[in-house]
Structure formats: C-alpha cells, structure tokens
Amino acid sequence: MHLAKVAAKFFDYAEIVEMHHDKKIDAPSGTAIATAKAMLQARGKPFICPKTEREIVSSVRGGANRGCSYP
Numbered sequence: 003m004h005l006a007k008v009a010a011k012f013f014d015y016a017e018i019v020e021m022h023h024d025k026k027i028d029a030p031s032g033t034a035i036a037t038a039k040a041m042l043q044a045r046g047k048p049f050i051c052p053k054t055e056r057e058i059v060s061s062v063r064g065g066a067n068r069g070c071s072y073p
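FYI, in the numbering used here the residues of the sequence shown are 3 to 73.
Treat the hints as calculated values from the structure; they're not laboratory data.
Being a predicted model, the structure only gives us computed values, none of them experimental.
Cβ atoms here follow ideal geometry from the backbone N, Cα and C, with glycine treated the same way.
Each statement offered as a hint is correct.
Here are the simulated DMTMM-like cross-link-like pairs (lysine to aspartate or glutamate), alpha carbons at most 25 Å apart as the crow flies:
1) 39 to 14
2) 7 to 20
3) 47 to 14
4) 53 to 17
5) 53 to 14
6) 7 to 28
7) 39 to 20
8) 53 to 20
Okay, the calculated beta carbon distance ranges per label pair:
9) 47 to 26: 27 to 33 Å
10) 30 to 54: 18 to 24 Å
11) 3 to 27: 21 to 27 Å
12) 19 to 44: 15 to 21 Å
13) 23 to 46: 32 to 38 Å
Based on the sequences and whatever the hints tell you, model everything.
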C-alpha cells in the first residue's frame, strides 16, 4: 500500500491487477478498492484514463493460485 501511494504521484494513470483463486466471491477485492482510494488521496488529483476505442476488462483467476496466503 505504501509503494502504491508513493508511485501514484509519478504516473498519470494506473491499473490494479489482482490474482485470486476461482472461488473468490468479491471482485474487485476490498484491498484493491482501498489501494485505489489511497493512491487517489496521495496523488491529490484524478488520474487520467487513456482513451481507447473499446473498454478493456481484465480478469485473472486460477484454480490453484498458491502464491501468498495467510493463515
């Protein structure tokens, strides 16, 4: 979260990409929402969304994501 707040000041736009197991119910996660809010607050002004001809929606979900898990 700290790095996201620091980096937010140096970029015009940002993308938050999450990876979760296939049973995850909420999307975006509370962590992604909190990160976006913290970045916006640290930046002090809105991000600029790049213009695209179509909306881009990305999703990453896997059946056996064995990355960082907490007890």
